[in-house]
Amino acid sequence: MPLDIDIQTPSPETLRVVLGGALDSQTSLALDQALDAAVKADCQLLAFDMGNLEYISSAGLRVVFKNVKRIKKNGGRVGVSRMNAGVRKVFEIVQAIPDLDIFASVEEMDDYLAVLHTRAMQND
Amino acid sequence: MSFVILHKAEQLDQTMEWLQSLLEGERVSVTIIHDLKVVVDELIANTFMHGCGEQQDGWLKVSLERRDNCLSLIFEDNGEPFDPLQQESEEITGSLADRPIGGLGLLLVKSLTDVQQYHRAEDRNILVLCKNLN
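Protein sequence lines, in the order shown, are assigned to chains A and B. Counted from 1, the first sequence has number 101 at position 101 by the numbering used here; the numbering is strictly sequential. If you count the second sequence from 1, you need to add 1000 to reach the numbering used here.
FYI, nobody ran anything at the bench for these hints, they're computed from the structure. This structure is a prediction, so every number in the text was calculated from the model and none was measured. Just so it is clear, CB atoms sit at the ideal spot from N, CA and C, and this is done for glycine as well. You can trust all of the hints, since none of them are fake.
Here are the simulated lysine-lysine pairs, DSS-like style, with alpha carbons at most 27 Å apart:
| # | chain 1 | residue 1 | chain 2 | residue 2 |
| --- | --- | --- | --- | --- |
| 1 | B | Lys-1110 | A | Lys-89 |
| 2 | B | Lys-1008 | B | Lys-1110 |
| 3 | A | Lys-66 | B | Lys-1110 |
Away from chain A, derived, C-beta distances all over 12 Å, residues of chain B:
| # | residue |
| --- | --- |
| 4 | Phe-1003 |
| 5 | Gln-1056 |
| 6 | Gly-1058 |
| 7 | Ser-1063 |
| 8 | Leu-1064 |
| 9 | His-1119 |
| 10 | Ala-1121 |
| 11 | Arg-1124 |
| 12 | Ile-1126 |
| 13 | Cys-1130 |
For each label pair, taking beta carbons as the anchor points, the in silico distance ranges come out as:
| # | chain 1 | residue 1 | chain 2 | residue 2 | range |
| --- | --- | --- | --- | --- | --- |
| 14 | A | Gly-75 | B | Gly-1094 | 17 to 25 Å |
| 15 | B | Ala-1097 | A | Val-106 | 24 to 32 Å |
| 16 | A | Pro-98 | B | Ser-1089 | 17 to 25 Å |
| 17 | A | Ala-37 | B | Leu-1133 | 38 to 46 Å |
| 18 | B | Ser-1029 | A | Ala-38 | 34 to 42 Å |
| 19 | A | Glu-108 | B | Asp-1068 | 36 to 44 Å |
| 20 | B | Gln-1086 | A | Gly-51 | 35 to 43 Å |
| 21 | A | Asp-110 | B | Gly-1103 | 28 to 36 Å |
| 22 | A | Asp-111 | B | Glu-1080 | 51 to 59 Å |
| 23 | B | Asp-1013 | A | Ala-104 | 27 to 35 Å |
| 24 | B | Asp-1098 | A | Asp-101 | 17 to 25 Å |
| 25 | A | Thr-9 | B | Ser-1063 | 43 to 51 Å |
All chains should be built: construct the whole structure from the sequences, respecting the hints.
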């Protein structure tokens, strides 16, 4: 199953990554390369929408974690919304949930993005 | 019992289609289908990275068998002796920022299945993974 990747920049310091399909040993390289190109040094929030992601294996986790490390090193945050039960279970097994901001819906994540963006504007 | 034979890791997609179709026929839950797809991806990637990947004529046979409420996935390959269950798992304590990002495949395989057994027979690696459906 292919991996659908849609990367959006709702504000200069925010990246939203909408994933669909399978994030596995055959598709993770495509996401790795897409994020290497898209994640800039000033990125403060990386928000994954996993609503259409069917499953994720360790190859996919490796790419997500690599970017969690990159963003957190700069004091940023990583959000994940709409994980299905199986995907959430995988994140729980590897004890990654405490490092992520988890959102039940895209709306909840968008509200959060808006607050962060407003704060960033006020700080400028 | 139904099976597929792979000669390279890129045959993952057709293996997943085979698995999906069989599991839907067995009327198992979406979550169990998810768990077993993760397991199959881990083992295919692992097999062709170690042992089998080096050989011209390397193959991996993946079989699925149901007995009562237990589904067994059987992985059999003709690679060098290799017991994936003996691989070192990474420590996963602490935050993601402070730990290695790899080495999680075996942890997922062990966590998403209920019984794991490896043995070597007739120059083949044989790994049996059982998932309880209860």
